[in-house]
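**Student:** Sequence:
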Amino acid sequence: MQNSYRSDECFAKETVYSCSFVRPLPEPRKKPIVHKDHITMAGEIQTETEQQLSYKVKCVPVVKKIIPKNHNLGSKGHMIFKTTMRDDYNLPCFREREQQIIPKENLCIYSCPMESKTTTGCSYTPICANPVENYKPDENYTSPEGTMDLNTIQRTSYRQVDLPKKEETPWAIKLEYCKPKTELNATTVYNNSYKKPGYYVNMEDCNYQID
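Numbering (numbering that gives the first Met the number 0), first residue to last: 0 to 210.
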């Protein structure tokens, strides 16, 4: 570790900052220059405006507040419990419980049989009418005996027109495929490389030995 010690010499006071900016001399503070206003007032402003002269203030006395002395606005006598509803409608005093009245149903079943002669039955009486003959044709088809006349209105109205002969267009005839006369060479690299199964046969009497 390095030992630090205190130097007895003083630091130089003449720095670049102190030499560059000279201190101002002590002088009394100057008074600020206040510019005069361009618009000057001729006199005092009048307080009587058009608004004040048009709408004058009326002297109206202040209305005093009506404060109730007590929150209990009702009386303290017997009238609190005596109301119109209670006086008009009194509770009935029944000693014994009355029987419950159950209304009858709207549909009642009578013991006597119902009348069969109704308004509809008397108004529309049955009529003995014979069944109507059916004019539906038979489903079996019978072929006609004679031949049908082929000279119809359609054929006699529009006569047959002979079509013109078709022009020969040899340039539009499609060429047929001609088979080659010479056979293709079957000895290819693939056939020579891969023989068919059964081509190689094991020979028992073989004098060839592999060293």
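Just so you know, not all the hints are guaranteed correct.
[As the list claims (entries may be wrong)] No more than 30 Å apart at the CA atoms, straight line, and that leaves these computed lysine-lysine pairs for BS3-like:
#1 K103 / K116
#2 K178 / K195
#3 K178 / K194
#4 K180 / K194
#5 K195 / K180
By construction, these hints were calculated from the structure, which means they are not laboratory data.
**Student:** All hints, please: hold or fail.
**Tutor:** Okay, the hints, checked on the actual structure:
| no. | hint | result |
| --- | --- | --- |
| 1 | K103 / K116 | 28 Å, holds |
| 2 | K178 / K195 | 28 Å, holds |
| 3 | K178 / K194 | 29 Å, holds |
| 4 | K180 / K194 | 28 Å, holds |
| 5 | K195 / K180 | 28 Å, holds |
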